[in-house]
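Counting in this note's numbering, the sequence shown runs from 1 upward without gaps.
Worth flagging that the hints you see were computed from the coordinates, not collected in a lab. Quantities reported herein were computed from a predicted structural model and do not represent experimental measurements. Please note that a few of the clues may not be correct.
Restricting the straight-line Cα-Cα distance to at most 16 Å, the calculated cross-link-like pairs of lysine to aspartate or glutamate (EDC-like) are [what the hints assert, rightly or not]: (1) K4 with D124; (2) K58 with E79; (3) K280 with D150; (4) K273 with D237; (5) K123 with E267; (6) K231 with E219; (7) K6 with E226; (8) K256 with D59; (9) K64 with E42; (10) K30 with E169; (11) K4 with E79; (12) K6 with D124; (13) K123 with E79; (14) K273 with D220; (15) K4 with D150; (16) K6 with E169; (17) K273 with E226; (18) K274 with D239; (19) K231 with D220; (20) K30 with E267; (21) K64 with D115; (22) K64 with E79; (23) K4 with D237; (24) K67 with D115; (25) K231 with E242; (26) K88 with D135; (27) K274 with D237; (28) K207 with D115; (29) K274 with E226; (30) K123 with E226; (31) K256 with E267.
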Amino acid sequence: MIVKRKIIYIAGYSRSGSTILDILLGSHTKIFGTGELFYLFEDWLNGTRTCTCGAVYKDCSFWKDLKLPQGLSLQGAREIVQHVENRKYITALTNGKIAPDIIQKYTLIQTALYDYIFTTSGKDIVVDSSKTSRDMAGRFYALHQYTGFDVYVIHLVKNGLSVVESYVEKGRNWALEGYGKNDRFAAARSSVGWFLGNAIAQRLGAKMPANRYIQIKYEDLVAQPESVLQKIGAFVDTDLSEVIAMIQNGLPFRPKHNVGGNRLRLEKEIRFKKSYNSKKIGLSVYHRLIFKIIAGKLYKKLGY
1 MIVKRKIIYI AGYSRSGSTI LDILLGSHTK IFGTGELFYL FEDWLNGTRT
51 CTCGAVYKDC SFWKDLKLPQ GLSLQGAREI VQHVENRKYI TALTNGKIAP
101 DIIQKYTLIQ TALYDYIFTT SGKDIVVDSS KTSRDMAGRF YALHQYTGFD
151 VYVIHLVKNG LSVVESYVEK GRNWALEGYG KNDRFAAARS SVGWFLGNAI
201 AQRLGAKMPA NRYIQIKYED LVAQPESVLQ KIGAFVDTDL SEVIAMIQNG
251 LPFRPKHNVG GNRLRLEKEI RFKKSYNSKK IGLSVYHRLI FKIIAGKLYK
301 KLGY
């Protein structure tokens, strides 16, 4: 029997804890965390954005030797991936209506990328925390359908009001790092984003095999990391006791070669601390109303 290589895909919306979960899992001896892998081609082309090691991608000790399939440039690969994974192509993706030549190139690109990561890292499992926002909404489903990897989806959900508050108070990640501007209507945009990111993750998760999709609350992860990591370990059939021991012993977690994600990835060392008391959400009545109108039903459906 051929054993497929495993990808743990963290789905959901931005600001939901995917970076910390990626780093926790990536500390395991058999697991390599990549961060928001979707952005690798874009960040490489940008020329100034860096890996968590501090180097631009063409100079990074891990990423520099990546080779794409013959005849494909970084820009070409980026466009192919977008054409398959972007939210506007979700219906075509799920109905098998994307052109065969696009799918063929997509399969070659993603197979080359993940094979490179498995080979270079020497690990058995790769974590991709690209999530299910607009540009990569269909990513985990496309990887499941069109590559030979065994894709396990962790749908990580965070209280939508807390997510919106973060955007209202801090702005977008790219703006925080100096790569873009903040949205004028942060509450409305983040409410729509939270709704669509989580609704699509649920919808596509329902199309995965029953034992390849799981939903986890961020609040449970930070309050009860041991039990949540045990649950994830059982889900992916991997003993995560060494990660749990690192948390219990207060040992530092060190990001390695992550792509994208929030600024936490840039820290040299991260110490995970349990958080039993959720911070009081300080959103105004106006912003709460915006969120309720846009995402109120899904908010309740997800158990908030």
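Here is how each hint holds up against the structure:
A C-alpha spacing of about 10 Å is found between K4 and D124, which places the hinted pair at or below 16 Å, so the restraint holds. Restraint check: the Cα-Cα separation between K58 and E79 comes to about 20 Å, which exceeds 16 Å; the hinted pair is violated. Distance hint between K280 and D150 is unfulfilled; the C-alpha atoms sit about 39 Å from each other, more than 16 Å. Between K273 and D237, the direct Cα distance comes to roughly 25 Å. Violation of the 16 Å bound is thereby established for this hinted pair.
Of the supplied pair hints, the one linking K123 and E267 is violated, its CA atoms being roughly 23 Å apart against a limit of 16 Å. For the given pair, K231 sits about 15 Å from E219 by alpha-carbon distance, which is consistent with the 16 Å threshold. A distance of roughly 22 Å separates the Cα atoms of K6 and E226; the hinted pair therefore is violated under the 16 Å criterion. As the CA atoms of K256 and D59 are separated by approximately 15 Å, the hinted pair is consistent with the 16 Å bound.
For the suggested pair K64 and E42, the alpha carbons sit about 15 Å apart, so the restraint of at most 16 Å is met. Of the supplied pair hints, the one linking K30 and E169 is violated, its CA atoms being roughly 38 Å apart against a limit of 16 Å. The hinted pair formed by K4 and E79 fails the criterion: a straight-line CA distance of about 27 Å is larger than 16 Å. The straight-line distance between the Cα atoms of K6 and D124 is roughly 7 Å, inside the 16 Å bound, and the hint therefore holds.
For the suggested pair K123 and E79, the alpha carbons sit about 28 Å apart, so the restraint of at most 16 Å is broken. Using a Cα cut-off of 16 Å, the hinted pair K273 and D220 holds, with the two alpha carbons roughly 13 Å apart. Straight-line distance between C-alpha atoms of K4 and D150 comes to about 6 Å, which keeps the hinted pair within the 16 Å bound. At roughly 37 Å between alpha-carbon atoms, K6 and E169 are farther apart than 16 Å, so this suggested pair is violated.
Restraint check: the Cα-Cα separation between K273 and E226 comes to about 12 Å, which is no more than 16 Å; the hinted pair holds. With a CA separation close to 21 Å, the supplied pair K274 and D239 exceeds the 16 Å bound. The straight-line distance between the Cα atoms of K231 and D220 is roughly 11 Å, inside the 16 Å bound, and the hint therefore holds. Taking the CA atoms of K30 and E267, the gap is about 22 Å. The hint is violated against a cut of 16 Å.
Restraint check: the Cα-Cα separation between K64 and D115 comes to about 15 Å, which is no more than 16 Å; the hinted pair holds. Among the hinted pairs, K64 with E79 is inconsistent with the structure: their alpha-carbon atoms are about 21 Å apart, more than 16 Å. About 13 Å separates the Cα atoms of K4 and D237, which keeps this hinted pair within 16 Å; it holds. Proximity of K67 to D115 is assessed by CA-CA distance (about 11 Å); at most 16 Å being required, the pair is judged to hold.
Pair hint K231 plus E242 holds up; C-alpha atoms about 14 Å apart against a cutoff of 16 Å. Between K88 and D135 the CA atoms are separated by roughly 9 Å; this keeps the pair inside 16 Å, and the hint holds. This hinted pair does not check out: K274 and D237 have alpha carbons roughly 25 Å apart, beyond 16 Å. For the hint pairing K207 with D115, the CA-to-CA distance comes to about 25 Å; that exceeds 16 Å, so the pair is violated.
For the hint linking K274 to E226, the alpha-carbon distance of about 10 Å falls within 16 Å, and the restraint holds. Straight-line distance between C-alpha atoms of K123 and E226 comes to about 23 Å, which puts the hinted pair past the 16 Å bound. Between K256 and E267 the alpha-carbon distance is near 10 Å, which keeps this suggested pair within the 16 Å criterion.
Against the hints set out earlier in the document, violations occur for numbers 2, 3, 4, 5, 7, 10, 11, 13, 16, 18, 20, 22, 27, 28 and 30.
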